Amino acid sequence: MRADRQEQELRFTRRALMMGGGGALAFLGLGARLYSLQVLETERYQLLSDDNQFNYHMLPPSRGRVLDRFGIAIADNRDSYRVLLVPERAGDVEQALDDLSHYLPLSQSRLDRVMRAVRRGERFNAVTVQDDLDWQTFATINLHAPDLVGVTPDVGEVRSYPYGPSFAHVLGYVQTPNDNDIANDDPDAERLLRHPGFRVGKTGVEIAQEHELRGSAGALKVEVDHLGRVIRELPDQSSNPQQGQDVVLTLDTDIQRFALERLGDQSGAAVTIDVQTGELISLVSAPSFDPNLFVGGISSVNYSALRDNDHRPLFNKAIQGTYPPGSTFKAVVAAAALEHGITTPSETVRCTGSVRLGNREFHCWRRQGHGIVDLRDAVKKSCDIYFYEIAERLGIDRIHEMGRRFGLGEHFDLGIAGVASGLMPSPQWKRARRDEGWSTGDTYNTGIGQGFTLASPLQLAVMTARLASGRMVEPTLFRNAMAPPAPHIDVSDAVLEQVRDGLRAVVEEPGGTSFSLRGLGIEGVEMAGKTGTAQVYSITAEERESGVRDQEDLPWRLRDHGLFVCYAPADNPKYAVVVVIEHGGGSSAATRPARDILRRVVARDPSSRPGVFADLGSDKSGGSDGRLP
Amino acid sequence: MAVFRESVPRDLPGKMMEINWSLVLLLVLLGGAGIGMLYSVAGGDWQPWAGKHAIRFALGFVGMLVIAMFPPRFWMGVSYPIYVLALILLIGVELGGATINGSQRWLDLGPIRLQPSEIMKIAVVFALARFYHDLPVEDVSSPGGLFMPAVIIGLPAALIINQPDLGTTLLLVATGGAVIFLAGLSWKIILAGGVASAIGIPLFFQYGLQDYQRARVMTMFNPDDDPLGAGYHILQSKIALGSGGFTGKGFMEGTQSQLNFLPEKQTDFIFTILGEEFGFVGGLAVLAIYALVLANTLAIATSCKSTFLRLMTMGIATTFSLYVFINVGMVMGVLPVVGVPLPMISYGGTVMLSVLAGFGLILGAHIHRHATPPRGAGLFG
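Chains as they are written, first to last, in our numbering: chain A, 1 to 629; chain B, 1 to 381.
Misleading hints may appear alongside valid ones.
Claimed, not checked - Computed footprint of chain A on chain B; a stretch qualifies when at least three of its residues, placed anywhere within it, have a C-beta under 8 Å from a C-beta of chain A:
1) 41–50
2) 292–306
Claimed, not checked - Facing chain B, according to a computed beta carbon distance under 8 Å, are these residues of chain A, among others:
3) Gly23
4) Leu37
5) Gln38
6) Val39
7) Thr42
8) Arg44
9) Leu48
10) Ser49
11) Gln53
12) His57
Simulated from the structure, these hints should not be mistaken for lab results.
Everything numeric in this text was worked out from a predicted model, so none of it was measured.
C-beta: ideal position from N, C-alpha, C; glycine also.
Only chain B is shown next, with the shape it has when bound in the complex (with noise of 0.2 Å):
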């Protein structure tokens, strides 16, 4: 039986030709949304977010593009070796991380501050779709099968829940089980693992979160109680997307964000201020664009050939989706305040530089998607 094989580009000009522009156009209005944000959070002023934001998507997009270039067969090459780097680097920041809002995240690196959790959320996905796609698909649910995944995920996970940062500890958690889950874990096994977390996550509750995390996800089921304690930041930011209307107060004329009454405006509730100056429709329209990218991702994923361009594409994909859902929800009051940001349009530069190499990998999926590396290639093999 004749195999009809559809041909991987291997020039530069062939690869610039597979490049999916309508992903590109989604992500560049996505950091043009952030970069109007900042300038009207710092109250019309490049300084002294919007500025750098410009710069660090513009070197992003460019990496993006770059990363795109590079086959399959390299990303799988660097997975182990990467997922270690990363590894020693969350270490290295349990044993000398400067500490920034009372959790120990950030490795200062002479000029670069690097949040080595960030990198681990690509690092992890690496290393699953790699262990994945060298395993024979009947072992996915068998004991060995099980083993490395566990191994792989469980251990950046304690380290980053020692910082602490919960926040980035569920994401990995869940973008690592996401990958299992698409890998073909047995529904027996799920079945068995939901059961187990129905037990261990109330216990988790109790015993092993710091008391400004369980006060947080108490404060999600009732914020109102408290408006000037720990339920300060979700009704002051209900208050300022609530006030902003179907049509919003208009650009820079956020009263809650200008009168500065919402905390890490531009961060975490970026969002926010979108919502109070363009109101739901502004909102909704940047909802409607990450939607979009994750439909994007979604078909890529889809028409790859390799396991390891699929897992690696949903795994980014889930990563990103969970950010936008967590952070949104966080915003609107429907999740608890945990402190992540909200991808392309938040200030930070990690997760910026995090999110556009990540969608350079999954850009250069889709050039790379016909492309069937064998299993067990090593780095040059």
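Chain A on its own, in the form it takes in the complex (with noise of 0.2 Å):
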């Protein structure tokens, strides 16, 4: 019995100091794992708690403005009351957006654009609910903010197009970038692109000069605690967004409005330059759309409006539509014709209203014929049987060098997306493009600016402006005070100087085509210009007989576009005007508009009219300089 108890007595003492060493190397297990932890790796959960710590909230950039030559902001920012959902803080996303519609009605395509955007994104970015609330909305959200989980109110800023539609083409917008523009942007930008609200270029200057008007991130340090709430912010070891740059164009908002305005409900074009430096005053196409629609997401109701409208205001017909020149480009092949003396100003030819060229006929507009032109008359007139001849004789090498020269079929640069460069047709480019030789015929439609040419409006305007300043400018759009001025044509001055008086004719003097305007309309300045017609559908002879005579029988679409290139004043060019309206039935819809912009933007400049400021006038190498905003 004892030594029973004894024995139970050691078997106790045994088990219960096995388990007291079990109970030893835990402990010892224990230590090792806090030293593994606390020593060994200490500095890596340092950092981590650093990063629970510490948060860094993005200072997004203000993007940088675009402004007109005259410093009038045409691109802007304003203040946004908006209200952003953190899907992580909020847990149950449509239990926050349902709390959340108790003071901010949500339409179910809201709903459902948000739960998109929620999925898509990581779970700590927020998400934009909606943009530009009113303030009463505002106020009544922030007062509950505390009771709704993960909704954040927030001031932010949102891109605005103060003059909509007038430089919609022009400026493009901005948009909340999509996953594809994130991919080809900057890595470094991307946590910069998916803040809520941050926009991007997607068209036009916005997207062109998107770089300097960015600027650049800057991040406020604060300290905040496990449910991301700021307990205090750290300015000292914060960094401040580099403002994104502001932009200046050479465009002058009252001519660009008074453009737009001017066009109507048209669909058209009207480009103004400064002839002597190339900068352009105005770059209109009409229809227009209001961007501001674009930059908070457009619906698809207004988007497929937009889209499918058969004036296509989307599209911008000022550099990326082109047309045949039409009559206008008969001053480039008289200037050809002078310059390379196939022909005198004294010269005559015989127009009947039609010529034979083999078993072909070829009209005249006017179908009773001129009689007896000479160069000036049938620049004035317009006569086609005159540069039927004239063209014949040049040939169309010579005639594809000389509108070479004026900028057709050139591509210019704006900085722009979207140039179009046209077509100065070749026997080279058509025995490329089409496999077939060219003919007289063709050269003979190549002189009146029909055939296969084909220029766009602001391709007009730079024609225009050599052919009145005599100076190989280059079309700007990005306001440059160091441009050096352009060289001179390769045209003498004196061919310069007859096609001119050939064009001023056309509008000042009796018998010219667009005589009719009266003038510019400003005591003491004249202007010239040169018509255009560019063909669009040949009447058939049925059609002729079944009572089609004019374009106002054809539907819409089919009938002539109508051009009208101008300048003023006519002694001393400074600006040049090129309106073209598609479809419009002839060059009778181009001229008043564009005679119209010419005398805005020569009234808005003293120094070209005469006894004003008649030294500063004299500054012909041009720039702005000396000329009142």
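Join the two chains into one complex using the hints; note that each chain is given alone, in its own frame.
Spelled out as structure tokens, the structure:
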């Protein structure tokens, strides 16, 4: 019994010590673990601890403004009251949105869009629920913000285009970047691009100058608690955002707005250019659209209305649209003829209304003919027969070469995308493109600006500016005070004077095709111009018989394009205006709007009026120096 | 053969002389550490935890000394009644307990809220120690000797896991198992039990656990996978500990805890705060104190003459040590988050009182280590 008892005691002690040993091992293990965490891995956890404790709140840069030539902001930023949602903090996003909808009615499509953004983004990235709240709603949400989990009222900046449609095609617009935009951008910019409400340029100047306009983000270091709530800010350890740079354009807001207004509901383009410097004063495509609609995400209804409109409001006709220059090209052909000496100003051609070439009949626009015409008359009256004759003598190569000299078929780098090159045809082109030989008939057509030749309103403006100033001006959209004066064009002054004299007669003399304008309408200032009609459709003999006689009898999309190029003052050219009206039914649709724009731009520039600031006006080398804003 | 019998003190001064003051000192150090950490966690305020903790510690300390004075004969007498009472309270919780954090653990008795599972931990030790005290040593591995302990452990375990409180259940089973082991269970049966566990535990894991409990076990293995979900607590705790470094960030300077990155920092994660603010040095010091407490109780247990006192002491010591291992292991990311407090330091009334009561019994065992109460003694027998 006693041995038993001793045996039992021993066994207990043995087993107790075994357990004690196990305990000792456990303590050793815990100590080792503590050592590994706190001594071996401490640096790693210190970093994580700082991450926990400090957070960087991104301070997005203000986007640079876009200014017109006088410093008026045509793309600006305004404050936007908005509501953000951080999915991670909200937990149940649908519940959070449901709670929010008590104070801010949210449409189903809005909810869908938010849910899509939530699913696409990271849980810790804020998503914009709604922009541009009115003050009342914003204040209400602010009041209830403590109860709305994960919902943050916020004041952000949003792009605004104060002149709406006026600059839509030039400026383009900004939008929230999509995954593609982010993938194609600088990887370092991804956080900024994903910042709620941050937008990038999508078209026009906004995308072309994205780099200058964007700036770079700053960061505000904040101390946060476990819920991400800011406890305090540490401005000393923060960096300020680098604000985007302003971009200055050569455009004049007043002329731009006026030009768009003047085009009315027509489909067309109006380009105003400083003939001495090539600076673009207006670059308008009509009809236009409101780029502000795109900034917040355009609704599909609005977008399809724009997309499906047969007047193509989204298309920048001023630089992308190309049209046969029609009779406006005759000025170039005239210059080529005189320059190459294949005619003289006094040589005459007899216009009977038509001319035969092989078995084809080529008509003058004036069926009864112009009679005896010299070069001046031919330009003034736009006689086709004269120019068939001249063109044949010149040959296509010399016409092509002179056309190129005046900028046709040339790609101008405006600094924005979509500038069309148009086409100055040549036999090589025709051979390569159509596998056909060049015919004299092609030369005839080219000689009067029909046929294959295509020019954008921008190119016509350059052509007119080079005719008017005798300088090889290049069109510019961005202000650059340092630009050197353009060199003289490789055409003699005497030739240019002859052509300009004809262009002045078009408007200023009875019998000119645009004499009905009665001039510029400014006392003592004469203008010069040239009409043009780009044929879209030939009225067939059957149609003629069935009563279709006129452009008005045709459906809109078959009517001819109307063109007018002009400049003023005729004796000291400053500005040129080109207007193209698509399917305007003839040049008359374009002449009056162009004249009105030209009058306005000349009237704004006192130096171009005789007698006023005459001293300053003598500076022919141009630049905008000495002109009043 | 003359048996030299060391005397058992019978009067109060004599008993006071026999108090194991080194153990008492270690407990005071732990209690003090708890008060200090709770003061820090509250951002340098006695409210809401440190003050209450101090008061409870003081009350529990007095209670501990009082308990130590009672002779083992008394505790043997109340062992079964206490067990039955604890069982009734557990059933009471089942029927009408308050639900806190998704589980029923508390019994609301007017001003006092009782956690019967805490009482049950001591009650099981009592019942088992009493049972083995009465059982002839050769019967420990007999069918009858196996059946009763299984019932004593199984009944409350079934009730507690139903609350559901996995951590306490495991503690209870582990403590009971330790007592059975110490009572002299044959190695054959231990081996058989081991095999049965190897088969039964995976099955239990699959079918016996609530989803959240399974998730907690799973996240133990890779808490970094889901840093904002179930693994959040462990990761934040590791960050706090790791960033504390060798000497810590200083008293009340723990950024993780002061900025509320840690959940339940005043209870389950108090060791994290300690490690963050006092570093490896502080953490190791506290672990060393716990180890010394364990060594002390082991010495007391082996010095006891009676089976009852030995098993009781070791049972209580086992519970206490498991608390420490599980809690510290959990906050360091080596064990799953099961919600076990750190004895003496974590905030919590029932735990504090039950731990101090347990040490009262251990101190009592030391005082009465030479006592040899007979088998089958009744309450007043």
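So which of those numbered hints doesn't the model satisfy? Of the numbered hints given earlier, those the structure breaks are 1 and 12, listed in rising order.
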